[in-house]
Amino acid sequence: MAQNSRYHAESYVAHPVVTTADMRLLFHRASGETHLLADPLPDMLILLGEQPDTIQGLTTRLCARLGVAQDEEAHAVVGHRLDELEAAGLVWRD
Amino acid sequence: MYRLDLRVGPVGYRVGSAWRRPIDALRRLYAGYPAPDEGLATLTARIEPEKPWRRHLRPQVAIRGDFELPDAVPMTLDHGLLAIEMAMNLQIALGERRHLLLHAGAVERNGRVIILTGESGSGKSTLSALLGEHGWRLLSDEFVLIEPGTGLVRAFPRAISLKNAAIAELERVVADRDRFGPLLRATPKGDLRHLRPAPDAIARMDERAMPALVLFPTFGHASQAEGMGQAELFALLTQGSTNYAALGERGFETMARLATTVPGVRFAYPDSAGGMAIVEQFAAELGI
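Residue numbers (the working numbering), protein chains in the order written: chain C, 1 to 94; chain Z, 1 to 288.
A hint or two may mislead.
[What the hints assert, rightly or not] Not the full set, but computed from the structure, chain C residues with beta-carbon under 10 Å of chain Z: (1) A21; (2) L25; (3) A38; (4) P42; (5) T54; (6) D71.
[Claimed, not checked] Far from chain C, by Cβ distances over 12 Å, these chain Z residues were calculated: (7) P36; (8) D200; (9) A245; (10) E253.
[Stated by the list, open to error] A few chain Z positions that, by computed beta-carbon distances, are all more than 12 Å from chain C: (11) P10; (12) R58; (13) A175; (14) E207; (15) H221; (16) A231; (17) E232; (18) L233; (19) T238; (20) G248; (21) E249; (22) M255; (23) R266.
The hints are simulated quantities; they were obtained by calculation from the structure and are not laboratory data.
Ideal Cβ placement from N, Cα and C applies to all residues, glycine included.
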C-alpha cells in the first residue's frame, strides 16, 4: 500500500534553512517546529517539493541526484526516511 | 502591598510584596539600580499569602505575577527574599518576548562575550560570578538575553544567587560586605545568599556586546575540553532556552546565527581556580 502511495512535501525553498557543517536546520513555519536534518533528508524534501512521488520513484530520482547506485538498500533507506519525515509532519501521503 | 520598581538591563520590574521585610531586603540588595524607563515596568512579580489568613499566622509565601506556576509549593516568610527572586525569574523565563533567552551565565571583556551554559550544578553561575570579580564584566549569572536582529548580548545583571559552597567562595573574594544579602539557611535550594554584581556590571548594564564563545562547563572532574559541531550546539542551546519556541521564526534565526558563528566547547574542571584558568586560556586563544 505504502509502495504505491504518493508522498508530498511543501516547496523546500519556502522553509527558512540554515546549513551547518554537519546538518541542515529547517524551520517549519506551519508548525513552528525546528528540524535538524542529516543527509539525505534535505535532498528528499527538495525532490518531493518539486514533484510528489512514490517510494520507488523518489528512490530513482534521489540516486540519480546523488550519483549512487539504485539497489534494494537504497529503496529501504528511502522508505525508512520517509516514515521519519512523515512522523515529523514534513511530508504527507495522498 | 509594598512595592519596588527597578530596571535590570532591558527589563523593567514592578515588584510587590504583602510583607515589608522582603521588599526592604530587596531594596538593599538592588541599591544603585535605575528605575524602569519612563516609570514603565514590563514585568510584574509579587509575593502574597498563600491564603488570606496566612499573612500573619505562620505566614506562607506564594509567588504571583503575570505568569504563575499553579502547583508551586509555598515558602516560609523567612525565605521571602528568595521567593521574590524566584518570582522575578519566573516572569522573565515565561514572559520575555523581545530577546532570545538562554539559561546561562555570561561575562564580557574587550567587547566580546563568553556564554557559560549547562545543567544545574555545572558551576556556570559560580564561574560567571567569580569571573565577574576577576577582570570580566558580569552580564548575567542565570539568563542571557540575545537581541534578535543584531545577535548582541544584552546585560541582565540581576543579583547573583549563590548556593551552598559558592557562598564561601565569593565571600573570600568580595570585600564589600554591603553587596551581600542575608544568609538564607535550609531553603528548598539549600543554603543561599544573594550577591549584588560588581559596580561596573550595574553601571554598564546598557552596553551590548558580541558573543565570542559558548562554554558548557562540568564541575568536579579532571580538566578536559572538547569542541562540538554547530548542529549539536544549536540543539543544546535550544534545550536551554525557555522562550525559543515562543519566538517562532525570530528565535530560529537568532539561535541559528549564534550556533553557526560562535564556537561551542564543553569542558570539565576540578575546582573554581581550574575553571577560571581554562576560561582564560580559551579567551587568550580568541584574543579576548
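Here's how the hints hold up against the structure:
1. Checking A21/C against chain Z by beta carbon gives a least distance of about 6 Å; that is within 10 Å, so the hint holds.
2. At a threshold of 10 Å, the smallest CB-CB gap from L25/C to chain Z is about 5 Å, leaving the interface hint in force.
3. Annotation: interface hint on A38/C holds; nearest CB of chain Z at approximately 8 Å, less than 10 Å.
4. Given the 10 Å rule on beta carbons, the hint for P42/C is violated: about 13 Å separates it from the nearest Cβ of chain Z.
5. The interface hint given for T54/C is broken, as the beta carbon of that residue sits about 30 Å from the closest beta carbon of chain Z, more than 10 Å.
6. Hint status for D71/C relative to chain Z: violated, with the closest Cβ pair at about 29 Å, above 10 Å.
7. The claim that P36/Z lies off the interface holds: its Cβ sits roughly 31 Å from the closest Cβ of chain C, which is beyond the 12 Å cut-off.
8. Even its closest Cβ contact with chain C, about 36 Å, leaves D200/Z beyond 12 Å, as expected for a residue assigned away from the interface.
9. The non-interface label for A245/Z is inconsistent with chain C: the shortest C-beta to C-beta separation is roughly 6 Å, within 12 Å.
10. Interface exclusion of E253/Z from chain C breaks down, the closest Cβ pair being 7 Å apart, not more than 12 Å.
11. With a closest Cβ-Cβ approach of about 24 Å to chain C, P10/Z is found to remain outside the 12 Å limit, as its non-interface label requires.
12. With a minimum CB-CB distance of about 45 Å to chain C, R58/Z clears the 12 Å threshold, and the non-interface call stands.
13. Every beta carbon of chain C lies more than 12 Å from that of A175/Z, the smallest distance being close to 46 Å; the non-interface claim holds.
14. Every CB of chain C is more than 12 Å from the CB of E207/Z (nearest about 28 Å), matching its label as outside the interface.
15. Every beta carbon of chain C lies more than 12 Å from that of H221/Z, the smallest distance being close to 26 Å; the non-interface claim holds.
16. A beta-carbon of chain C comes within 12 Å of the beta-carbon of A231/Z; the shortest separation is about 4 Å.
17. The Cβ of E232/Z sits about 8 Å from the closest Cβ of chain C, inside the 12 Å cut-off, so the non-interface label is violated.
18. Listed as outside the interface, L233/Z is inconsistent with that label: its C-beta sits roughly 9 Å from the nearest C-beta of chain C, within the 12 Å cut-off.
19. With a least CB separation of 7 Å from chain C, T238/Z falls inside the 12 Å interface cut-off, contrary to its annotation.
20. Not every beta carbon of chain C lies more than 12 Å from that of G248/Z, the smallest distance being close to 6 Å; the non-interface claim is violated.
21. The claim that E249/Z is not at the interface with chain C is violated, since a C-beta of that chain comes within 12 Å of its own (minimum 6 Å).
22. Distance to chain C contradicts M255/Z as a non-interface residue, since its nearest Cβ pair spans about 8 Å, not more than 12 Å.
23. At roughly 16 Å from the closest C-beta of chain C, the C-beta of R266/Z stays outside 12 Å, upholding its exclusion from the interface.
Hint check: violations occur at hints 4, 5, 6, 9, 10, 16, 17, 18, 19, 20, 21 and 22; the rest are consistent with the structure.
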